[in-house]
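J.: Listed below are the residues making up each chain.
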Amino acid sequence: NAGVMQNPRHLVRRRGQEARLRCSPMKGHSHVYWYRQLPEEGLKFMVYLQKENIIDESGMPKERFSAEFPKEGPSILRIQQVVRGDSAAYFCASSPLVGQTTEKNIQYFGAGTRLSVL
Amino acid sequence: GENVEQHPSTLSVQEGDSAVIKCTYSDSASNYFPWYKQELGKRPQLIIDIRSNVGEKKDQRIAVTLNKTAKHFSLHITETQPEDSAVYFCAASPSGGYQKVTFGTGTKLQVIP
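From first to last, the protein sequence lines stand for chains A and B.
For what it's worth, the working numbering labels the leading residue of the first sequence as 68, then goes sequentially.
For what it's worth, the working numbering labels the leading residue of the second sequence as 6, then goes sequentially.
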């Protein structure tokens, strides 16, 4: 099992450009979570998705940010018209199907994408 | 929604001493409490967790305690080593169909050789 895969590991964008961050969950996992981590700070929840559904996006900024988890392919976090304040590490985590009694609530993290906005 | 508070924000201990990190939560529906360790520049990794049907769990030098009545839980690291230096996050999660995990703000632990 390759674990949660995120790419790219590092992404540099100029102000106004778009950033697309990808996350492939662990095999068999259908729940994906995105978190943002500013330097020296904690993990801030952004969005929780299941395949083709956004379950909770209460942590997402109202503008410029969007997320999807299509039936096929990785989950995508998209940031349009990036600004310097978007510079952070973005972590994706996945967890197994609801209903599996073992490891039900464990989240496995990817290595993160470090976004730098120039 | 759930609110998790974590203290202290930084902690320095001498190698071999014990370290204790404390967390409180607000939602009585939470019944799963994982702890994650994040080394500098790395991903958070689960180190130990506890469910609400037990009050204490131990794994070698690491132990967690849970007081559901008071809504607080703690991480205890004994015989600390330099490789324990990292940021530690507590978290709380309810059971059921929605598995949002709420994280504490983190504790930066420094073990001084």
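No lab work stands behind these hints, which were simulated from the structure alone.
Treat the hints with caution; some may be incorrect.
[To be verified] Some residues of chain A that are not near chain B, with every Cβ distance over 12 Å (derived):
#1 Pro75
#2 Leu78
#3 Gln104
#4 Asp123
#5 Phe132
#6 Pro137
#7 Glu139
#8 Ile143
#9 Val150
#10 Gly152
#11 Ala160
#12 Ser162
#13 Arg181
[To be verified] Here's a subset of chain B near chain A, in silico, CB distances under 10 Å, partners left out:
#14 Gln11
#15 Pro13
#16 Pro39
#17 Lys47
#18 Pro49
#19 Asp54
#20 Ser90
#21 Ser98
#22 Gly109
#23 Thr110
The C-beta atom is built at its ideal place from N, Cα and C for all residues, glycine as well.
J.: Now tell me, hint by hint, if it's right for this structure.
T.: Going through the hints against the structure:
For proline 75/A, the non-interface assignment is confirmed: its Cβ lies about 15 Å from the closest Cβ of chain B, beyond the 12 Å cut-off. Against chain B, the non-interface label of leucine 78/A holds: every CB pair exceeds 12 Å, the least being about 16 Å. Residue-level check failed: glutamine 104/A sits 9 Å from the nearest beta carbon of chain B, not beyond 12 Å. The beta carbon of aspartate 123/A is not kept farther than 12 Å from every beta carbon of chain B, the shortest such distance being approximately 6 Å.
Look at phenylalanine 132/A: its CB is around 18 Å from the nearest CB on chain B, clear of 12 Å, so calling it non-interface holds up. Its beta-carbon lying about 20 Å from the closest one in chain B, proline 137/A satisfies the requirement of being farther than 12 Å from that chain. Non-interface status of glutamate 139/A relative to chain B is upheld: no Cβ of that chain comes within 12 Å, the nearest being about 23 Å off. A cut-off of 12 Å between C-beta atoms confirms that isoleucine 143/A is not in contact with chain B; the least separation is 19 Å.
Look at valine 150/A: its CB is around 24 Å from the nearest CB on chain B, clear of 12 Å, so calling it non-interface holds up. Distance check for glycine 152/A against chain B: the nearest CB is about 19 Å away, which clears 12 Å, and the non-interface claim stands. Distance check on alanine 160/A: its Cβ comes as close as 8 Å (rounded) to a Cβ of chain B, failing to clear the 12 Å threshold; non-interface status is violated. With a least beta-carbon separation of about 6 Å from chain B, serine 162/A fails to lie farther than 12 Å from that chain, contradicting its non-interface assignment.
Against chain B, the non-interface label of arginine 181/A is violated: not every CB pair exceeds 12 Å, the least being about 9 Å. Satisfaction of the interface hint for glutamine 11/B is found here, the shortest Cβ-Cβ separation to chain A being roughly 8 Å, below the 10 Å cut-off. For proline 13/B, the interface hint is violated, the least distance from its beta-carbon to any beta-carbon of chain A being 14 Å, above 10 Å. The restraint placing proline 39/B at the interface with chain A holds, with a minimum CB-CB distance near 7 Å, inside the 10 Å limit.
For lysine 47/B, the shortest C-beta to C-beta distance to chain A is roughly 7 Å, which falls under 10 Å, so the interface hint holds. This hint holds: proline 49/B has a C-beta 5 Å from the nearest C-beta of chain A, less than the 10 Å allowed. Because the beta carbon of aspartate 54/B sits about 7 Å from the nearest beta carbon in chain A, less than 10 Å, this interface hint is met. With a least beta-carbon distance of about 15 Å to chain A, the hint placing serine 90/B at the interface is violated under the 10 Å criterion.
Contact between serine 98/B and chain A, as hinted, is supported at the beta carbon level, the nearest pair being about 5 Å apart and thus within 10 Å. Because the closest C-beta pair between glycine 109/B and chain A is about 7 Å apart, less than 10 Å, the hint holds. Interface restraint check for threonine 110/B: the shortest CB-CB distance to chain A comes to about 4 Å, inside 10 Å, so the restraint holds.
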